[in-house]
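Engineer: Sequence:
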Amino acid sequence: MAGESSQGIALFYEDPEEADTWIKVPGELDVSDLDSEAREYVAALPDEGSVSLEINQLHGNATQNFMMDAKIARTILNWRIRQKVDPDQGITFAAFISEFSFAAGTDAVKKISSSLRVTEKATRYDLTPAP
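So that you can map any letter, position 65 of the sequence shown is 65 in the numbering used here, and since no number is skipped, the others follow by simple counting.
Note that these hints are calculated values from the structure, not bench results.
A portion of the hints provided could be inaccurate.
[Stated by the list, open to error] The calculated DSS-like cross-link candidates involving lysine-lysine, where the alpha carbons are at most 27 Å apart (straight line), are:
{"id": "1", "residue 1": "K110", "residue 2": "K84"}
{"id": "2", "residue 1": "K84", "residue 2": "K111"}
{"id": "3", "residue 1": "K71", "residue 2": "K121"}
{"id": "4", "residue 1": "K71", "residue 2": "K110"}
{"id": "5", "residue 1": "K111", "residue 2": "K71"}
{"id": "6", "residue 1": "K121", "residue 2": "K84"}
Put together the whole structure using the sequences plus the hints.
Structural biologist: Quick look at the structure:
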């Protein structure tokens, strides 16, 4: 049985601040079918990806213990990335810890590799005081 082509279908969400205002969701979906002369794509949901971290292992460190417990529990937490050059601006996102692994070697500092899998849209923040 042949399926119905979904070509031309798009995903929208309603603006939470303005009723009856619909915004198209970006990304891409392969909508090619047997009549296509080349691959065809339409907008779809974006994938915010992951954030990778490498940190020095410190035995008994409360933050590292918290992160290991959160990984085991698969807890989704809110995170913020702040840059030293402009600490009032950055990115916030929700994520769970998908990796928390250890590495050691001869004449090396013990390391933790960690990945945070972003679970929803990342947003920019700006804490700069108004003039």
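Engineer: Would you mind marking each hint as holding or not holding in the structure?
Structural biologist: To see whether the hints hold, each was checked on the structure:
Straight-line distance between C-alpha atoms of K110 and K84 comes to about 25 Å, which keeps the hinted pair within the 27 Å bound. About 22 Å separates the Cα atoms of K84 and K111, which keeps this hinted pair within 27 Å; it holds. For the given pair, K71 sits about 20 Å from K121 by alpha-carbon distance, which is consistent with the 27 Å threshold. Distance check on the hinted pair: K71 and K110 sit about 19 Å apart at the alpha-carbon level, within 27 Å; holds.
Between K111 and K71 the CA atoms are separated by roughly 17 Å; this keeps the pair inside 27 Å, and the hint holds. The hinted pair formed by K121 and K84 meets the criterion: a straight-line CA distance of about 23 Å does not exceed 27 Å.
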